[in-house]
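Could you build the full structure based on these sequences and the hints that come with them?
There are 2 protein chains.
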Amino acid sequence: MSKWSGRCAACKYLRRKCPQDCVLAPYFPSNDPHRFSAVHKIFGASNIAKMLQQLPEHVRMEAADCMAIEAYCRIEDPVYGCVSFIDQLQQQIIEAQSLTNQINAQIAFYNAHNNQLTIDPFSSSFDQTD
Amino acid sequence: MSKWSGRCAACKYLRRKCPQDCVLAPYFPSNDPHRFSAVHKIFGASNIAKMLQQLPEHVRMEAADCMAIEAYCRIEDPVYGCVSFIDQLQQQIIEAQSLTNQINAQIAFYNAHNNQLTIDPFSSSFDQTD
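Residue numbers (UniProt numbering), protein chains in the order written: chain A, 1 to 130; chain B, 1 to 130.
The hints are simulated quantities; they were obtained by calculation from the structure and are not laboratory data.
No copy labels: a pair is met if it fits in one copy or bridges any two.
Below, simulated DSBU-like cross-link-like pairs (lysine-lysine); rule was C-alpha separation at most 35 Å, straight line:
{"hint": "1", "residue 1": "Lys-17", "residue 2": "Lys-41"}
{"hint": "2", "residue 1": "Lys-50", "residue 2": "Lys-12"}
{"hint": "3", "residue 1": "Lys-50", "residue 2": "Lys-17"}
{"hint": "4", "residue 1": "Lys-12", "residue 2": "Lys-41"}
Now the structure itself:
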């Protein structure tokens with residue numbers, strides 16, 4: 001077995017030996033080379049390693065996953081990155097709020113109309129002034 | 001005037017002379033040093049310069065703004081970064097959809113009830129079987 005076998009995606013990409021305590025190995029397995037090349041392109045290998053090392057081990061996989069999401073987004077959309085998702089979702093929420101407001105206004109109208117009917121169902125027939 | 005005066009935030013941070021054609025200067029002015037230190041910490045200066053250079057000039061400011069947002073988010077939340085916003089917003093949309101579904105169900109109930117009244121307002125009085 002050569003010293004190069006069993007390297008993680010990061011060490012394979014960086015053409016270096018993968019040490020037993022490689023900080024990147026658990027989060028960038030060799031069977032997913034695109035994941036590392038994406039985060040490397042956006043954040044840089046040393047930044048990724050630094051950011052992961054500063055975190056407790058039990059959250060490192062989630063951090064690596066989120067960095068990978070951000071990197072994929074920025075590669076796909078080099079201007080807005082994943083911020084475009086935030087904009088789109090905020091827009092959807094604004095539209096949903098607007099829709100909810102419209103529906104609530106309709107319900108209020110309905111309720112007012114039904115209350116009127118309950119109090120005096122035929123008032124409109126008698127109250128017409130023209 | 002020394003050769004160091006009028007440097008952009010990036011060149012000031014990196015302790016280098018700011019060339020007239022500095023690619024970072026228009027997007028990282030000297031009056032906002034935190035903006036550059038944030039993106040530098042997360043993406044690295046060379047990555048930022050590379051990413052901006054690959055874009056047409058008219059979208060570089062927006063790209064720098066989005067990188068700054070991502071960087072601030074990741075500094076504040078080193079595990080999820082701005083992906084936490086995406087999760088929160090998606091959760092809000094799911095809740096808004098659930099609320100809209102509830103309201104629509106109420107409206108359908110209302111409509112069915114009102115139609116019944118319109119067709120035969122007193123049917124319930126006559127149709128009672130007990």
